[in-house]
Amino acid sequence: QVQLVESGGTVVQPGRSLRLSCVASGFSFNSYGIHWVRQAPGKGLEWVAIIWHDGSHEYYIDSVKGRFSLLRDNSKNTVHLQMNSLRDEDTAMYYCARDQMSGTTFMDVWGQGTTVTVAS
Amino acid sequence: QSALIQPASVSGAPGQSITISCTGTYNDLGTYNLVSWFQHQPGKAPKLLIYEVSKRPSGVSSRFSGSKSHRTASLTISDLQAEDEADYYCCSYAFDYTPSYVFGTGTLVTVV
Chain A
159 QVQLVESGGT VVQPGRSLRL SCVASGFSFN SYGIHWVRQA PGKGLEWVAI IWHDGSHEYY
219 IDSVKGRFSL LRDNSKNTVH LQMNSLRDED TAMYYCARDQ MSGTTFMDVW GQGTTVTVAS
Chain B
4 QSALIQPASV SGAPGQSITI SCTGTYNDLG TYNLVSWFQH QPGKAPKLLI YEVSKRPSGV
64 SSRFSGSKSH RTASLTISDL QAEDEADYYC CSYAFDYTPS YVFGTGTLVT VV
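Chains as they are written, first to last, in this note's numbering: chain A, 159 to 278; chain B, 4 to 115.
These are computed hints drawn from the structure, not numbers from a lab.
Derived lysine-lysine pairs resembling PhoX-like cross-links, with alpha carbons at most 25 Å apart:
(1) B:50 x A:201
(2) B:47 x B:58
(3) B:50 x B:71
(4) A:201 x A:223
(5) A:201 x B:47
(6) B:58 x B:71
Which residues of chain A face chain B? A partial, calculated answer using Cβ under 10 Å:
(7) 162
(8) 215
(9) 217
(10) 219
(11) 220
(12) 253
(13) 265
(14) 267
(15) 269
(16) 270
The C-beta atom is built at its ideal place from N, Cα and C for all residues, glycine as well.
Next comes chain A alone, as it looks inside the complex (with noise of 0.2 Å):
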C-alpha cells in the first residue's frame, strides 16, 4: 500500500546534527514531491521544507535555512533531512508527506512521524 516511514529520529545536544530518513512504498516516488512539517510539544504543524520530485529544487521555512538541507535518492525511494546545529526549539514529531505538485500542491499522504529530543 501507499506509505511513508520516517526513522532517525532520537535524543541529541545542542549543536550537534541528525539525519532523518522519509523512505517511501507503494507509489511512483520520483514523480512526487516530499515535505517535512513538524509538530513542536503542545504547539501546531509547522512546515519546514520541500524537495521537488527530481530534487532539483529545495525551499525551507526561515528558521532553519543555512542548518538544514534535503537529500534526495529515487533508487532508494528515500529523501533525508540532514539537521545540522540543532536548538531547543527544534524539538518536534518530524512528520515527512508527498505532494504530486502537478498544476497543485498539497500533502496527500502522511508518514506516522519520528521524534527528535534536543536536550542536553
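Following the hints, complete the assembly by docking chain B onto the known chain A.
This is chain B only, laid out in the frame that chain A set:
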C-alpha cells in the same frame, strides 16, 4: 511567514454543523486557491480532508466541505459525530520571493 489564524476551539452537539475559519494574507490565501485542510488526532498521522479549497479526496466523508472568500478559508463539518473530535489545520501555499507553505494555528473540535 506567519501562521494562518484559526479559532483555538470550536464545539458542537452531535448532528449539528460547525465551521472553522482560517484567515491569511495577500501572499497566501489572498492570491492562491491552494488551501488544504487536515484532521489530526493524537498519535496518528495528519489526514487530508480538503484540497484546492473545496475538493475532497476519495474516501473522505461528504460531511466535510470547504470554501474560501478573499483571505479567509472555511471548513464546515456537518452532522457532527463523536469521531470528529480532533485538531484541524488549514494549510496554504504561499509565495514571497520563494515558495513556502504555511499552516494555520489549529482548531480543537469538541463534540459536546
